[in-house]
Structures are given as C-alpha cells and as structure tokens.
Amino acid sequence: MMVRMGQASNAADRRDRRFGYALAAPSLTVLFLIILFPVLSALFTSLHEYTLIAPNFDTFTGLANFKAALGDAEFRHSAWLTLRFVIGVVLLEFVIGFGVALMLNKVERFKPVYYAILLCPLLMNPVIVGLIWRMFLHPNLGIVNYLLGTIGISPVNWLGDTKIAIWTVILVDIWHQVSFMIVLLLAGLSSLPKEPYEAARVDGANAFQCFVHITLPMMRTVIIVTLLIRFIFAVKTYDLIYIMTRGGPGVATDLVSYFIYRTAFVSLNIGEASAMSILLLTAILALTAYLYRYMRSLN
Amino acid sequence: MLKKLLLGSVMALGFAGSASAETVSILMEGVPDTEYVKALVPEFTKETGIEVNLEVVNYAEMHTKLVPQLVAPKGSYSAIVVDFYWVGEFAKAGWMQPLDDRIKADNFDTSAYIPALMDLVGKVDGTTYMLPFYNYAMGLTYRTDLLADAKNQADFKAKYNMDLRVPQTWDEYLKQVEFFTKDGFYGVVNQGLRPDPIAMEWSNYLFANGGEYHDANWKPTLNTEAGVKAIEQYTTNINKYGPVGSASFGFDEAFNVMAQGKAYSYITYNFFRTSYDDPSKSAVVGKVEIMPVPGATPDKGGSLNGAWGWAIPKSSPNPDAAWTFLKWVESKEIAKKRALAGGSPTRTDVFDDPDVLAKYPYYPALKKLLLTSHNFAVFTYTPQLVEVLGRELSLAVAGEKSPQDALAAIEVEFTELAKKDGKLQ
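Chains A and B are the protein sequences, given in the same order. Per the working numbering, residue 496 is the first one in the first sequence, and the count goes up by one each step. Per the working numbering, residue 223 is the first one in the second sequence, and the count goes up by one each step.
Rather than coming from a laboratory, the hints here were simulated on the basis of the structure. Cβ coordinates follow ideal geometry from the N, Cα and C atoms, glycine included. One or more of the hints may lead you astray.
As the list claims (entries may be wrong) - Ranges of calculated distance between the beta carbons of each label pair, as one might list FRET restraints:
#1 A:627 <-> B:505: 21 to 29 Å
#2 A:572 <-> B:314: 48 to 56 Å
#3 A:617 <-> B:482: 28 to 36 Å
#4 A:554 <-> B:630: 51 to 59 Å
#5 A:792 <-> B:630: 52 to 60 Å
#6 B:271 <-> A:526: 45 to 53 Å
#7 B:624 <-> A:587: 32 to 40 Å
#8 B:314 <-> A:641: 30 to 38 Å
#9 B:644 <-> A:553: 14 to 22 Å
#10 B:260 <-> A:623: 23 to 31 Å
#11 A:553 <-> B:501: 24 to 32 Å
#12 A:631 <-> B:630: 54 to 62 Å
#13 A:532 <-> B:593: 37 to 45 Å
#14 B:622 <-> A:617: 31 to 39 Å
Next comes chain A alone, as it looks inside the complex:
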C-alpha cells in the first residue's frame, strides 16, 4: 500500500513537473533568444573578419581577432585601468554604503524620507548624471570650484588633469551608485534576527565585537551578492565616460566598455569588438562563478 501510494505520488509529481516545464517554456524560449542568441552570435562574429563596410561572414579568421585584441597595447591599458577603476569604485561604495546602512538601521523615525532622498540619484539616468556633474565641475564656471574658492582653495582641474580625472569619475560614480549598496545592505541588516545580539549583550560584548562576530558573518551572503552585482555593473561603466571625458585627458579614463564601443562603431570593426566583448565576458563569468561557489561553500 505504502509503495503504491509512493508510486502514485511520483507519477503525479512527474505530471506536475512536466506541466511546470510547459508553463515555463515560453519564457525560457524568450530568455534563450534574447540572452543566449546574441552571445553566440557575438562568438560567431568574433571568429570572422566582419566590418560594417563589408558586413559579411566570407572570411573566417579563427582566433586572429582575439590575437589582435590582446596584442593591442591600448586594449590592455584600458582593461587594466578598468580593473583598478572597478576595485576602487566597488570597495569605496561598499565602505560608505555599509557605514550609512548601519547608521540608518538604527533610525526609527522618518525612514521613508531618508529612503526617498537616497534613491534620488539612483533613479537618474547616467547620462544626466554625467551632464549635471560636468556642469558642477566646470573649472571656471562650475559651482564646486566656486565653493572651494570661498574657503581659499584654488580651482581644481577636475576633468582636465590626467592624475585627477579618474578620481573625479570615481567620485561621481560613487555619488550615483552608492545608494544601491545602501538599499541592498540595509535590507539585509533589517532581516537579521535580534536574538544573537541580545545574547551577546548579556555576555558583555561591545558594539564593535557585535559587529565583527555577529553582523559580518550573518551578512556574508548579502554582502557577496551586493558586491557581485555592483562589480558587474561597474565593469560595464560607459555612459559616464562617454559624457564626461571621452576617455581623456590622454588615455587617463579610457575604460574598456568605451574602448570596445569605439572599436565597433568608430573603427566599424565588429569582428574585433566582438572578440574583446567575449574576453570581457569570460573574465566576468570566471569571477562570478568563483564568488558564487564561495558563497555556496559558506552555506
């Protein structure tokens, strides 16, 4: 009897599962078409000499496009610069974001007001952010240098100095994206159970010890997911560069996404641009896979 019941429920399960797949099939197909197809098409293109002047797949070039990309000192420079930019942006935003999230977690009154203020930059289009800051940071007519001038600081060459420009872009990116970190980390913080903290207080732990031994370990998964999402977005930074510096002065802010864009739409060399995108995708995938496995190992 038991066995037969088990079999029956198995059959029902299987029917359920099949029905589930059938329901999911349309959306899976759409996902396949809009995600996997472009990736495969880029891979195919990257193996051919495909330019917009002669848009055809007549010449198979194998790995020549990848070789050309990796042999290009400019591409390597922009990849290296992007790596440093991403680490800088993500770490700084994390530190600031976590700090603010911890403070906000304690706040009892006017929480929605703080949320609304914090979310404002996040809701803005990056192009608009870039344009606004370009005006703010105008060396002679901008408000930032004017305010600095009132306290006796001489005008800063925000976007025209090779040493300062990348930091200016990092600062603007932080202004724009830090609330993303705050919101995600705050959601994590507010879902933490209260009991461990009460127990720790009974044991005489101070606030710092509570943070290191309770908050951090319990928040680990949220932190990794937040860092991962932010990391992927940061690698794709393009709009800010396009609006604010065009990769200049010199090559000081020439991030890899903007470089790939130029290879595709200025040099019209879609084949090589696809190869570069595939390289970038591989790097991001590898890091994502590593972080994902690390996260799984924690649970």
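Given chain A, put chain B in place with the hints provided.
Positioned in the frame of chain A, the structure of chain B alone reads:
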C-alpha cells in the same frame, strides 16, 4: 460587365495610390540649419504636393541610425545628409547614388558652390554624390572692444613694438594671446576634449603653421616642423594662456567661457558667430567678431573646412522625389532664404547677395574664410584618424608624450589606415 467593374475599381485604387501625396523622409541633425530648412518645407509641399518628413536626432545617434538603412536593399530614408567625416566611408561602401545625370538633365549649376566645399561634400574622385548643404568651417572669434581700447594699444606697442590690430598673421595672433592673459583674464580658450573637439581645433594650428595632413600621394606630413610647432603652441595656449580645464572642454563649455567675457579669443565653428549676439547666451553682445584663422603670411588662411552635404542613398525608396526636394532646397532662392534666417551658406551667389550682406555684414569674412580654408584628410577611415589624433594630441597636451613622439605615433597609424584604404601605395 463584372470584368469592367473590377478593372474600374482597380484603376480607381491605382489612381488613389498615386494621388495620395508622396513623402520624402530625411534623417537630419538637430542644428540651427535644420530648423531653417524645416521652416521652409511647407512652401515645397505647396509647390509640388510632395510631403516632407524630417526626422531630427542628435549627432551621436545619426551614424548608427543611418547605417542599417543604407545597408538594406530598400531603406526608409529618401534622402540623407552626410557629414564630411562619413563621405569616404559612404562612397567606399557604395551607399550613395551618383547625381551627375540628374544634375545634367536639370541644368543644375554646381559651379555656384565654393570649390573647397564641392571637394569636401560634393565630388568623390570625379563623381558628384552630394550637394553641399551648409558649412561649419572654423574661424577665429575675437574681442573687437579689447583691440580698440587705447590703453591696450599703447601697452601692446610698448611691449612688442607693433600695432594692436586685427591679426594679419598667426605669429601676430599668438603675441596677442600672450598679451591679453593677465589678472584672471585669458588670451584664448580651447576645446581640448577627445576626440573630435581637440582634433578639429588643432587642425587649425597645423594649417596656420603651413602644415598639411598628407602630400599628393597620401604620405603623412605631420611629423614636420609645422606639426611640432602646432602641438607646442596648442599645449602652451591650453596650459599657460587658457583657463584651467580647457584640456577637457567640449565646444559648449569653451564657448561659455568666451561668451561670459573671460577670454580674448576662441577658434571655433562659424555658426557660433550668431550666438555671441544673443543676449540670452552671451555677455559680450556686439563685442565679438569672426575672421579666418590667420596663416603664416597675410594672404594665407589657417581655417579648417567642414560641411554637410545632401545625398540620395542607393536604398532610397523614392529617389526622384528626393531629387526634386534637393533641387528645390539648394536653389538660389531657397538657399538665400535659409541664409537670411541665419544659415551658413555654401554658394558664392548667396554670399554675394546684397540682401544677405545687408543683414550679416560679416559674411565677406566668412566667404574669405571658406576660400582660404583647408580640408581635413577625408578617406574611408577618417573617423579612426580623428580617434588617433584625439588620443595622441591629448597625451601631448597632458605632457605624457613629446610632440615628436605623438606625431610619430599618429603618422604610423595614419599610414596604416591610408594603406588599408588603398590611398597610399
């Protein structure tokens, strides 16, 4: 009976089809000259019954919107406007229809156009593909009130032992730049942003020093005395005689510095001339004039030429209607109306027209500017060359490369591109 009825109704349908107005669609950039065309279009529709649909977008979007329509066998644009940047690429890819037969059949006079513009956005290797639409050649805009000031004149004479006047040569202009830089006021403002602002502006410095991009065989001629001097002067002007940050200015930011009365001069696109007299944009109304960028000697000019041309793409759904529109919009009468509205002309007869001259007294200067202007290196890979120029010039201005090294790097890449295009053997 039934047959007749059917035939009749089919014919009726056919007539209805041809009677419903034909539409000419054109993709255009959102600039003043497009507005002047737009304002006149109802006249064309009244005359010919052809509707005109102008799709106006930002420059950055134009190329990406155009290419798919040009590659397709039947695109959606009847006519297009072509920046001189794209001429080489469009011609090489075979995207434009030759206009010579239409020009001949209709006796359209192309000799009215300023020759340099016809070379830039008209003919490619002897075949006419475009009609020059408007020019955006660069000129030197400068403060007339400062030149006329008696104290400035006396000080300048004492310092340089020459008169302070509208500069006749490039060296004289550079002395004025040095002279006017004092007490938080700048001799010059530059547009040093990568890639096209810096590349376009620097070209004037190259031409003013007597340099050119290439010789008759497309061999690059940049790493020369003229090229080195041009980079040195450009770097000095940005770092010593210009406002902080001009190494990253686009043209709007540089224009604002000039329009706020904080600089003596600015080399820029000639369509900005009208903006200086607009009180909502400028604090120096009536105090700024435009002239050709001076050359090594008074009879030579150093201005960079630039222009847009009208063309009919191979993929045009209705080339005949498109030609009717082009013929109309480029006729003397309509070109004059556009000029009177504030447009930048391309025809000599419009430049010499008494009504136009009465309204815009500085047009003789603009005409001289065009006649003495120099063309950029126009070939299939012009956009890439601009990228290379932007990068290397920006590195030189930032002091990370010597002028010689930057020019050598540009020459290497320019040579490669010219070879790839078959221009250089």
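Taking the hints in turn, this is what the structure says about them:
1. A beta carbon spacing of about 23 Å between residue 627 of chain A and residue 505 of chain B agrees with the range 21 to 29 Å that was offered as a hint.
2. At roughly 30 Å, the beta-carbon separation of residue 572 of chain A and residue 314 of chain B lies outside the given 48 to 56 Å, and the hint is violated.
3. A hinted range of 28 to 36 Å holds for the C-beta pair residue 617 of chain A and residue 482 of chain B, which are about 34 Å apart.
4. Between residue 554 of chain A and residue 630 of chain B the C-beta distance comes to about 31 Å, which lies outside the given range of 51 to 59 Å.
5. Our hint of 52 to 60 Å for residue 792 of chain A and residue 630 of chain B holds, since their Cβ atoms are close to 53 Å apart.
6. Here the CB-CB span from residue 271 of chain B to residue 526 of chain A is close to 50 Å, well matched to the stated 45 to 53 Å.
7. Our hint of 32 to 40 Å for residue 624 of chain B and residue 587 of chain A holds, since their Cβ atoms are close to 35 Å apart.
8. Distance hint check: the CB atoms of residue 314 of chain B and residue 641 of chain A are about 49 Å apart, inconsistent with the given range 30 to 38 Å.
9. A C-beta distance of roughly 19 Å is found between residue 644 of chain B and residue 553 of chain A, which places it inside the suggested range of 14 to 22 Å.
10. For the pair residue 260 of chain B and residue 623 of chain A, the beta carbons lie near 27 Å from each other, so the given range of 23 to 31 Å is met.
11. Separated by about 59 Å at the C-beta atoms, residue 553 of chain A and residue 501 of chain B break the suggested range of 24 to 32 Å.
12. Range check, residue 631 of chain A to residue 630 of chain B: Cβ separation about 38 Å, and the 54 to 62 Å hint is violated.
13. Take residue 532 of chain A and residue 593 of chain B: their Cβ atoms lie about 55 Å apart, and the range 37 to 45 Å is violated.
14. The hint said 31 to 39 Å for the Cβ distance between residue 622 of chain B and residue 617 of chain A, and at roughly 36 Å that hint holds.
Figure legend: structure checked against the earlier numbered hints; hints not met, in rising order: 2, 4, 8, 11, 12, 13.
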